[in-house]
Amino acid sequence: MTDRICNISGLMHRVTSSCLTHPRAGGLHGHADGDDEVCASAMKWDGPDKDEMREENDSVEGIGIWKVKGRLSEMEAFMTEVFDAVSALKFAYVGLQDAQSSWDPDRIHVSDAAVVVELRKLAHLHDCFQWGTGRAAGGRLALKDVVAPYEAALEDLRRELKAKEAKIMKLKDKLRGSTPRGAGFRRGRHQSSKRVGCISGIGEEAVPTPELFQWCVQQVKVASQSFTMHLLSLMRAARWDLAAVTRSILEGCHGLADLTEHALPQPNMPESEHERHVLESYVNRKLFHGFENETFYLDGSLASLLRPAEFRRDCFAQFRDMRAMDPNELLGILPTCQFGRFAGKKYLGVVHPKMEDSLFGGSDQRLAVMAGNHPRTSFYGEFLRLAKAVWQLHLLAFAIDPTPSHFEASRGADFHPEYMESVVKFPGVRAASPGSVVVWFSVAPGFKLGNGSVVRARVFLTRRAKGEGTTRMNIMCK
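With our numbering, the residue at position 52 of the sequence shown is 52, and numbering never jumps.
Be careful, since some hints might not be right.
Here are the simulated distance ranges between beta carbons [said to hold, decoys possible]:
#  : residue 1 : residue 2 : range
1  : Pro335    : Gln100    : 34 to 44 Å
2  : Ala153    : Gly362    : 43 to 53 Å
3  : Asp98     : Ala303    : 55 to 65 Å
4  : Glu160    : Pro308    : 44 to 54 Å
5  : Met169    : Arg107    : 29 to 39 Å
6  : Asn293    : Leu171    : 50 to 60 Å
7  : Gln100    : Leu334    : 23 to 33 Å
8  : Asn451    : Pro417    : 12 to 22 Å
9  : Glu310    : Lys286    : 28 to 38 Å
10 : Lys286    : Ser378    : 54 to 64 Å
Hints are computed from structural coordinates only; laboratory data are not their basis.
Where is the CB? At the ideal position from N, CA and C, for every residue including glycine.
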């Protein structure tokens, strides 16, 4: 078996050796003795057969030359493929380095796959040259090698998707477990028939429902607690006297100036819990003021009375359109819309000028809001999330027929579990006899819906003083 050609030099050496070893008949070189007779007879032979033989020899000679030229062309094409593959590998590697310098995980993943593809192409070309595999078979192999990295990446994405789905299921289970009373609200006059945490189709609601309203109340609760903690942390950083702040809020918002510890004893609990709930009560009272009016008293509109059905449809349409929007982005486009006016008015009511100056060292945010703008600060962004939650709850309330009525427990009112929810675990409340504990202050209002369901008001409880009479709960209806 003849040796394989390893490079272009070997190919040229083999061609020249073949020419020297097997010279063409009728050439200029001398011949062996045996060949002289053949040549002489060939010279003497004249006729059609001689011409045919000459043409046949020329044809064989031409085929050999074309074979050599074909191999050279194939080798040149092969080297072109090698250089192209090396250039593509270099380009892919530069892309990988660029992705790593900016640390973009998605680009790194794609660039890494591209480098692997080019390396596989080079490996395939090496195999073709080393073992002489056919080009057609090599083409099929290259296609398979190109697809393989993407199949591996697809499998990785599928595994990530399964992991995220499992995480979503765990979060759903956790949400169900955090629903008040664990198993859901009771049917009937006081409780809803479905759990708030189980509203799986919350993004696909076609009509306003009591369950959707209860879900929105929970969103207000979460946003209120988050904003309160943010505000409280700023007060601590500014070294405020939080005890004095608490007393001022209670005396100003709840009419507790004339109370003494003997008349209304405070529960035994950490000061931080006390301060947080008092501050949250203050924020909620400011945000929910005017909730019974269709525009929070921003204007004198009477659309809910003149065109009730159309007004309900418009409210629910606004609710659905606004639900997925970021409040900062919305007000960046429409700063003077009705929600923007509501947010600005409530911010000026919650954050006093002296408060802002003490917390931030100036009144830049307040001045911007008074000018009709909405600053892009973390504090104002946190407030906008709370304002959006309250505004959406208000839209949904006026989209439901009949409109839910809201109420809050007054100071000293008896604790009614069907209407109230304690914000802290009060020792002995469950074991105590009815009327042994009363409301110290209201943290958030409750709502009574047209189907008889009740969203309980959140209250802060204390023990009843000896000899104190009972007080009925104050219910403010729209």
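- Return the numbers of the hints above that this structure violates; sort them in rising order. 6, 7, 10
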